[in-house]
Structure formats: structure tokens, C-alpha cells
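A.B. asks: Residue-level listing of the chains:
Protein chains: 2
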Amino acid sequence: MKAMVLRGKELTIEDVAKPTPGPGQVLARVRACGICGSDLHAARFMDDMIAASRMSGRTAWDTLDQSKGMVMGHEFVAEIVEAGLGAEEWAAGTRVTSIPVLMAPEQPNGFLSIGYSPETPGAYGEYVIMSAPLLLRVPDSVPDRVAATTEPCAVGLHAVREARMQLGEHAVVMGAGPIGLMTLLWLKKEGVGHVTISDYAETRRALARKLGADLVLNPADVVVAEEVAKAAGGAPPVVFECVGVEGTLRQAMELVARFGRVVVVGVCMKEDRIYPMVGINKQLTMQFVLGYSAAEYAEALGALADGSVNTGPMVTRTVTLDELPAAFAALADPHDCKVVVLP
Amino acid sequence: MKAMVLRGKELTIEDVAKPTPGPGQVLARVRACGICGSDLHAARFMDDMIAASRMSGRTAWDTLDQSKGMVMGHEFVAEIVEAGLGAEEWAAGTRVTSIPVLMAPEQPNGFLSIGYSPETPGAYGEYVIMSAPLLLRVPDSVPDRVAATTEPCAVGLHAVREARMQLGEHAVVMGAGPIGLMTLLWLKKEGVGHVTISDYAETRRALARKLGADLVLNPADVVVAEEVAKAAGGAPPVVFECVGVEGTLRQAMELVARFGRVVVVGVCMKEDRIYPMVGINKQLTMQFVLGYSAAEYAEALGALADGSVNTGPMVTRTVTLDELPAAFAALADPHDCKVVVLP
Chain A
0 MKAMVLRGKE LTIEDVAKPT PGPGQVLARV RACGICGSDL HAARFMDDMI
50 AASRMSGRTA WDTLDQSKGM VMGHEFVAEI VEAGLGAEEW AAGTRVTSIP
100 VLMAPEQPNG FLSIGYSPET PGAYGEYVIM SAPLLLRVPD SVPDRVAATT
150 EPCAVGLHAV REARMQLGEH AVVMGAGPIG LMTLLWLKKE GVGHVTISDY
200 AETRRALARK LGADLVLNPA DVVVAEEVAK AAGGAPPVVF ECVGVEGTLR
250 QAMELVARFG RVVVVGVCMK EDRIYPMVGI NKQLTMQFVL GYSAAEYAEA
300 LGALADGSVN TGPMVTRTVT LDELPAAFAA LADPHDCKVV VLP
Chain B
0 MKAMVLRGKE LTIEDVAKPT PGPGQVLARV RACGICGSDL HAARFMDDMI
50 AASRMSGRTA WDTLDQSKGM VMGHEFVAEI VEAGLGAEEW AAGTRVTSIP
100 VLMAPEQPNG FLSIGYSPET PGAYGEYVIM SAPLLLRVPD SVPDRVAATT
150 EPCAVGLHAV REARMQLGEH AVVMGAGPIG LMTLLWLKKE GVGHVTISDY
200 AETRRALARK LGADLVLNPA DVVVAEEVAK AAGGAPPVVF ECVGVEGTLR
250 QAMELVARFG RVVVVGVCMK EDRIYPMVGI NKQLTMQFVL GYSAAEYAEA
300 LGALADGSVN TGPMVTRTVT LDELPAAFAA LADPHDCKVV VLP
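Note that the protein sequences, when read in sequence, are chains A and B. Just so we're aligned: the first sequence equals residues 0 to 342 in numbering that gives the first Met the number 0. Just so we're aligned: the second sequence equals residues 0 to 342 in numbering that gives the first Met the number 0.
Simulated from the structure, these hints should not be mistaken for laboratory data. Certain hints may be false.
As the list claims (entries may be wrong) - Here chain A is said to cover these stretches of chain B; the calculated rule only asks that three of the stretch's residues, wherever they fall, bring their Cβ under 8 Å from a Cβ of chain A:
| # | stretch |
| --- | --- |
| 1 | 120-134 |
| 2 | 226-236 |
| 3 | 276-284 |
Unchecked claim - Negatives, chain B to chain A, calculated, CB over 12 Å:
| # | residue |
| --- | --- |
| 4 | Gly85 |
| 5 | Trp89 |
| 6 | Ser140 |
| 7 | His193 |
| 8 | Ala304 |
Claimed, not checked - Interface residues of chain B toward chain A, partial, derived using beta-carbon atoms under 7 Å:
| # | residue |
| --- | --- |
| 9 | Glu13 |
| 10 | Asp14 |
| 11 | Phe110 |
| 12 | Val266 |
| 13 | Glu270 |
| 14 | Arg272 |
Because the structure is a prediction, the values reported are computed rather than measured. Using N, Cα and C, we set each Cβ at its ideal position, and we do this for glycine too.
Full structure from sequences and hints, please.
C.D. replies: Right, dumping it as C-alpha cells:
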């Protein structure tokens with residue numbers, strides 16, 4: 000089958016072996032797959048990712064042979080083609096998605112990530128393997144390009160839930176990329192009265208306005224803290240850091256109110272600098288979040304299906320598989336928001 | 000009266016005006032005052048402290064005239080000499096302590112810190128002013144040198160309470176200085192089954208053993224993570240960072256278990272570097288704590304009085320006021336633990 004392969008820092012379209020579903024698995028034809036920031040990171044900063052993983056006490060990537068080639072892609076919706084032993088209840092043609100892991104009881108944590116190892120190819124290709132017990136049927140009301148946003152939508156939901164927003168609290172979201180916008184959508188859905196979002200890119204600010212932000216700021220033009228205080232009556236009790244570059248953590252700590260929470264959703268690949276004294280003076284909590292639970296993933300899909308979370312406007316472009324390497328390069332400049340591959 | 004004055008980075012013994020108690024205040028003769036790490040910081044890094052305060056949105060120090068001279072000292076026990084208007088219930092000779100603030104309704108936050116402004120001299124002098132409603136009588140069972148540890152004892156209590164330790168959790172305390180040891184004492188009092196403490200200084204490790212640590216490590220000799228895992232059955236769910244120098248936050252993040260909490264008690268005066276990816280991979284919470292509540296202060300004094308927290312061994316030296324500047328210089332080398340001035 001055709002797929003985009005990452006080898007070192009090279010992205011190429013190649014013909015790779017079509018995978019075969021094992022027991023409890025299904026083979027599905029990819030209908031759509033979103034480009035995730037983590038994939039952009041992996042293509043550029045794989046060594047940093049591996050180093051950080053090691054510092055985190057994980058060894059999963061210690062044996063990764065980068066020359067082997069890896070098919071990424073973990074924000075997918077696909078159509079079942081073939082069911083493995085014991086997965087026969089899943090009829091060919093059913094549109095499904097799942098959290099991007101394969102059940103693997105022999106692994107220390109019981110699963111393998113889809114799209115981050117040469118052995119478990121992701122959905123930047125024509126076909127993908129999924130574990131039947133993890134499958135979710137995609138309701139007809141959700142078009143492919145929207146179903147492909149289930150995964151980042153679940154990331155936003157998880158970040159918002161972990162923040163444990165309380166009645167009367169307002170929030171600032173730093174960064175109006177896909178994850179920042181997903182966070183915004185869930186904050187509004189959960190009933191947060193005032194959400195500010197900041198971004199340097201006009202196209203992303205326009206999206207934020209469309210998606211219901213109460214205040215949209217360009218940090219190049221205004222002092223964010225002052226505008227937020229004016230509009231929301233004080234410093235934000237909660238700041239979601241959804242940028243993930245050096246320096247934004249420090250800004251979040253300065254922006255947030257005393258006794259506030261900084262929820263770190265953005266993934267900075269490099270060493271970063273903070274002033275611990277600011278954290279202490281304000282008695283902050285800094286909460287690093289990652290991923291979502293299977294239940295949150297299902298809840299995100301449900302919200303897309305009933306229309307209570309509308310991620311549609313976020314998909315600013317679709318590309319074919321052949322166009323995917325070029326799309327990766329283009330995303331270095333944040334003109335687009337979420338780009339979805341339709342293989 | 001005689002007092003030690005901080006002017007710029009200079010510490011000198013001088014004759015300063017004896018303060019007069021206002022309404023609702025008492026004048027008390029200082030019986031003992033502990034040397035706090037924050038005072039050492041203030042004498043060396045005042046500019047950093049002011050800068051961090053400003054970054055934290057505070058302006059209290061913006062008008063601080065460092066040439067004016069400041070009497071520090073906020074870990075005190077004192078004996079009432081004279082009561083101001085409305086404070087007559089406090090008889091001369093009563094031994095008291097209080098949280099180190101003066102009630103000041105005209106201030107934005109309602110109080111003024113004792114010992115950190117030229118206008119509110121602390122207890123590195125012969126006399127100190129306190130607010131009567133904040134006074135706590137020191138029970139006879141608590142000698143002066145122990146009563147002077149009430150304040151850091153409350154800091155340890157606050158740190159432990161903020162960590163919300165759960166049944167079955169073990170903890171690592173990085174740093175066996177006074178705050179690390181206070182944290183250790185409260186962890187053991189609260190019933191934490193296994194507490195590891197690490198420090199480079201043998202004198203402090205010896206104290207930690209005496210005060211009930213289950214495992215005492217020298218990071219120069221062993222890999223702390225390995226020893227903790229062996230002794231306590233896994234990575235620590237909670238790490239208390241009680242050192243406060245560059246690099247320890249990063250070590251704490253690497254040491255703590257997945258989904259763990261790093262409680263930041265040590266005050267690093269400089270910019271520090273962390274790897275956000277480690278926080279994200281492990282889904283950590285980093286909790287910056289400061290001070291204590293008035294209730295915690297009273298609880299700390301109660302625990303000293305009933306003997307359930309024994310800080311006595313921590314006071315390794317007492318000095319006179321005249322010896323205080325030299326004691327400040329000597330504490331750069333952590334041979335001593337808590338040093339108490341008996342003016």
C-alpha cells in the first residue's frame with residue numbers, strides 16, 4: 000500500500016507492506032487522518048523526544064531503529080475492510096475510529112502506540128490496523144474530516160477536565176492552534192463564562208473568534224495581562240499553555256492569578272527556563288497533561304456527533320497522501336490550522 | 000536598642016530606635032530568633048527577590064529603599080514588655096510568638112511582613128512589635144530555642160498538607176536543611192510509611208536519621224532513584240524539593256513517579272531550567288508552596304508543646320546578636336542546621 004514514511008528526518012511516499020489483522024484486530028481503509036503537531040515534532044526533533052522519554056524513565060524508544068522507517072498518523076477515521084479472528088462482529092464498510100493504540104498484553108503497559116513505531120504503522124497510509132475492543136462506530140452525522148478531529152478534540156477535553164474549572168473562574172488559552180482551539184471549545188461547552196485566547200497568527204485568531212472565544216488577543220499588539228484584567232475583572236485563575244515553545248511556560252506563570260493553575264498542554268521539545276520564585280510567590284500549581292482516557296475519547300466523538308462541539312471550521316485544508324510531505328513542510332508556518340489527509 | 004541591620008549587602012550591629020507599640024500592638028523583648036534561609040537570600044540576592052516579586056505582580060517592594068537599612072528576623076519567641084491601647088489583656092512577662100506579620104488594614108492585603116521592610120523591624124534586635132490578635136502564648140513546656148522553630152515548623156506542615164498525601168504513598172525529601180527536616184518530621188507525624196531524605200552534607204544526614212527518616216541518602220554516593228525504588232518498592236509518588244538551587248527542580252521531575260507531585264518548597268532565587276517534556280510524559284503536577292496559614296502556625300506550636308514534633312535536635316548552634324553577622328557568613332557552608340540568636 001502507499002504510505003508516507005519517516006526515516007531519520009526524511010519524509011517520503013513509498014510502497015509498504017499492507018498490514019494483516021491479527022486475532023482481535025481489524026484492517027481498515029483510512030478515510031481521513033489529521034496532521035498532529037506531535038508528528039511535526041517527531042519529524043524534526045525525534046532525538047529530543049527520545050531523550051525526554053528516557054529522562055521520564057521510559058525505555059520504549061531505546062530500541063527504535065530510526066533507519067527502519069515509520070508510518071505516523073494517529074488522528075484517524077477508517078472503514079473496516081477485514082476482521083481478524085474474534086472480531087467478526089465488525090462488518091466491512093463500518094466507519095470507525097479508536098484511541099490510537101493496539102492492545103498488547105505482552106507489553107509492560109498493555110498497549111502499543113499506533114503511528115510511533117515501525118511495527119505499528121499509523122494512518123498516513125492507505126490502511127491501518129486497530130484493536131476491535133477499542134473501536135467506536137462513527138455516527139453518520141460526523142463527516143470524515145470532522146471525525147478525524149476526534150483525537151485532538153479528546154486532548155482538549157482532557158486538558159479542561161484536568162483543570163477542574165470551578166464556577167465563576169475565567170481562563171486564558173495561550174495559542175490558537177488545533178489544541179488551543181479544542182481547549183477553547185470545551186471550556187465554552189463546559190460553561191466557562193469568559194475565555195481569552197491569544198495567538199500571533201491572524202488566521203488562527205479569526206478561527207478563535209468564530210469558535211466562540213470571548214476575547215481574542217495578539218500578544219504582539221497588546222499586553223495580554225492588562226486586556227484580560229480589563230475584560231474579565233482580574234488575572235486568570237487558570238491559564239492553558241497550548242503553544243509549547245521555549246518561554247511560554249514562564250509567560251503563563253506571570254500571567255496567571257495568585258493560587259492559580261497553569262495547565263501545560265503544549266509540548267516544548269527543548270529545555271525551558273522558568274522563575275521558580277514566581278511560582279512560589281503566587282503559590283501556583285503547574286499541571287502537565289497528556290492524552291486522554293478512552294472514555295474521554297468516546298465523549299469527544301459524542302460531542303462531535305451531537306454538534307455540541309463544532310470542530311469543522313478548524314479543518315482549513317485537506318491534502319492527498321502524495322501532498323502530505325509538502326504539507327508537513329508548510330505547517331512550519333502556522334497559516335493553516337488543522338490539515339487533514341484524505342488518502 | 001541593639002539590632003543587626005541589613006543595608007544593601009552589608010550586615011552590621013547598630014543602635015536603632017526602640018519601636019513603640021501602636022493600638023492593638025505589643026512591644027516584646029526578643030528571647031530567641033531563628034536564622035531563616037530567606038534572610039540569607041535577602042542578604043545576598045535582594046535584587047533577585049525584588050525582580051521575582053515584580054514578575055509575580057507584586058509591587059510591595061517597588062518603593063523599598065535598600066540604603067535605609069532593615070532589621071530582619073521573623074522566627075521569634077518574645078516576652079511582652081508593654082501593651083498598646085486595647086492590648087492590655089497581654090501581661091508583661093508573657094512568652095508569645097505570632098505569624099510574622101502586623102495587621103495593617105490600610106494595606107491592600109491587610110498586613111505588613113515583619114522583618115522585610117525598614118518600617119517593620121524583625122527580631123534580629125532586642126525588641127519586636129507584634130499585633131495582639133495574632134499572639135499565641137508559648138506553653139512552658141517549649142524552651143525558647145524550640146519555640147523559635149515554630150515558624151519553619153509551620154512551613155513544613157503547610158508543605159505536607161498541600162501535598163495531600165494519600166494512604167500508602169511514600170515520599171522523598173530533597174535537602175535536609177531546616178525546611179527539609181521539618182517536612183520530614185510532619186510526614187512521619189502524619190503517618191507516611193516511608194520517607195527518604197537526601198543531602199550532600201553528612202551533619203544534615205545524621206540529623207535526618209535522628210529525626211526518623213526511613214532512608215537517608217547522599218546523592219554524591221548513590222543513584223537516589225535506584226535506592227528509593229529498592230527500599231520503597233517504586234518511584235516516589237511525591238517529591239518535596241527543599242533545596243532551592245538551580246537544577247533541583249529538574250532532578251525532582253526525573254525522580255518522581257508518573258502522575259506524581261513535585262512539591263516545590265525550596266526557593267531558587269535564579270532562573271531555572273526544566274524539561275517540560277518530562278512533566279508531560281509523566282503527567283506531573285508541580286505545586287509551588289509558600290508559608291502557612293495562621294491555623295497551621297498554631298498547630299505547629301501545639302505539636303512542639305505536646306512533643307509530637309521534636310525540632311530540638313535541629314538547633315545546632317545558638318549565637319548572640321553580636322555574633323549574628325558572622326553566623327550569616329558561616330551559614331553559606333551548611334555545617335550547621337538551624338542557628339538561633341539569643342539576643
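A.B. asks: Hint by hint, note whether the structure agrees.
C.D. replies: So, going through the hints one by one against the coordinates:
1. 120-134: violated (count 0)
2. 226-236: violated (count 1)
3. 276-284: It holds, with 9 qualifying residues against the three required.
4. Gly85: Check passes; 32 Å lies beyond 12 Å.
5. Trp89: Since the minimum Cβ distance to chain A is about 32 Å, tryptophan 89(B) lies beyond 12 Å and the statement holds.
6. Ser140: 33 Å, holds
7. His193: Histidine 193(B) clear of chain A: closest Cβ-Cβ about 19 Å, beyond 12 Å.
8. Ala304: 28 Å, holds
9. Glu13: Since chain A brings no Cβ nearer than about 29 Å to glutamate 13(B), farther than 7 Å, the hint is violated.
10. Asp14: Where the cut-off is 7 Å and the nearest Cβ of chain A is about 34 Å from aspartate 14(B), the hint is violated.
11. Phe110: 15 Å, violated
12. Val266: Holds, about 6 Å.
13. Glu270: 5 Å, holds
14. Arg272: For arginine 272(B), the interface hint holds, since the closest Cβ of chain A sits about 5 Å away, which is under 7 Å.
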